[in-house]
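First to last, the protein sequences are chains A and B. The numbers in this note's numbering rise by one with no breaks, and the one at position 207 of the first sequence is 198. Quick note: to get this note's numbering, add 4 to the position in the second sequence (first position is 1).
Please note that a few of the clues may not be correct.
What the hints assert, rightly or not - Here are the simulated distance ranges between beta carbons:
#	chain 1	residue 1	chain 2	residue 2	range
1	B	70	A	182	47 to 55 Å
2	A	35	B	115	36 to 44 Å
3	B	25	A	2	49 to 57 Å
4	B	158	A	186	38 to 46 Å
Hints are computed from structural coordinates only; laboratory data are not their basis. As the structure is a computational prediction, the values presented were derived from the model and not from experiment. We put the CB at the ideal spot given by N, CA and C, even for glycine.
Read off the chains here:
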Amino acid sequence: MQKLDRLVWADGISIRAYGMRIGLRATKKGALEEFLPSLPPGWKTMRSQVVDRLYSVIVGGESAHRNIRLFNLVYANANRIARTPELHQAIDAFETDLQMYVAEMSPHRLFVHAGVVAWRGKAVVIPGKSFSGKSTLTSELVKAGAIYYSDEYAVLDARGRVHHYARPLSIRESGHLERPKKYQVEALGGRAGNKPLPVGLVVVSKYREGATWRPRRLSAGEGALELIANTVSARREPQRVLSTLNQVVAGAPVLKGFRGDARQVVDYIFETLSR
Amino acid sequence: MMSKRNHFAPRARKEGLVIQRLADEVLVYDQERFKAHCLNRTAALVWKHCDGRKTAGAIAQALEKDAGTPVGEDLVWLALDQLAKSRLLTERTIPVSGTGISRREVIRRVGIAAAIALPVVTSIVAPKAANAINCRASGQACTSSAQCCSGVCTGAPSGTCA
């Protein structure tokens, strides 16, 4: 860390996001602009330079010597997390690390890997890992009129209410090897919400080609296990996790099943919430 | 063998556990093994009565009072077996039946006779933080293993996910 501190830093910023203080500095003026879109939603600058985690970006590019390209290096505190000639890969590594750090360490919020939309004042939480089809289902719900909250995390407070985490939706259009494309919610004809909401329904669905949506209702305890399986800080603070998720499953049914086309589930969800 | 079973008085483990009671079920998180368990109502009642003094017979009687319906010892042993396997008892194993009856047969008997639900303990392994975020498929570019669904970034920090 001392070696990094001895470098000349052309630009820097301190921010606060979800209760965490993050610093970001770069060796080249203007480089930070490329990293700002990767900051967590709702971030705010702060004056203090005392942070919980400091990211240092040593910008690469062309060297003074002919035919030599310098690598872009990114450090999280003293740990190098990226060494790449491609700036977008360095930005990706930064985004992944920061997201994981905030999701795990946030003192006042619980992060569950899930898509979230709102319908008639209640949140629909769609927990699931990558490739479970949750972003596709989230985008179909938004196209059908639900209000977009997130396709990444259900951010829960101590009362079990969901807060928004509105990043552009990431949708894989063909094949799982393809890098997902990002869409602003307005491009899908939808809009984003920002009020904290109680959870009205939890949908645990996995895409299977040709499947028909016939979910079974889980018990509250089984539903809590499905949420724990997708909770970032499950190992670090189990007491808070169990207490918060108890609030969720006490008030919201949890349905689980395989689905084919996401659109068959959309109507089902709207009907269930309208009862 | 029968004598061992007759005198066996299981004790619920408490150390290293985080417990959350729901309406009818109990959630238990094992901090030593990073596992979360859900005990249904019947399993939770059996666990509640594992005080190191009650035998299976005494637990069955206690359950009858709680549940308001006759409860056979077979049902209690079924619960104890699951609780022991989930490491929710201080004892790692329970004395086995010497009659050679299979677990399936016990479930069948208990299922026919029981007026309360069979005991069920459902378990999962709690994810590490890195496993609970979006990850990249095999073949996609990566700079660290944390980014990959496989957990391996070959050639990092300028690699591809295995």
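Non-conforming hints, listed in increasing numerical order: Number 2 only.
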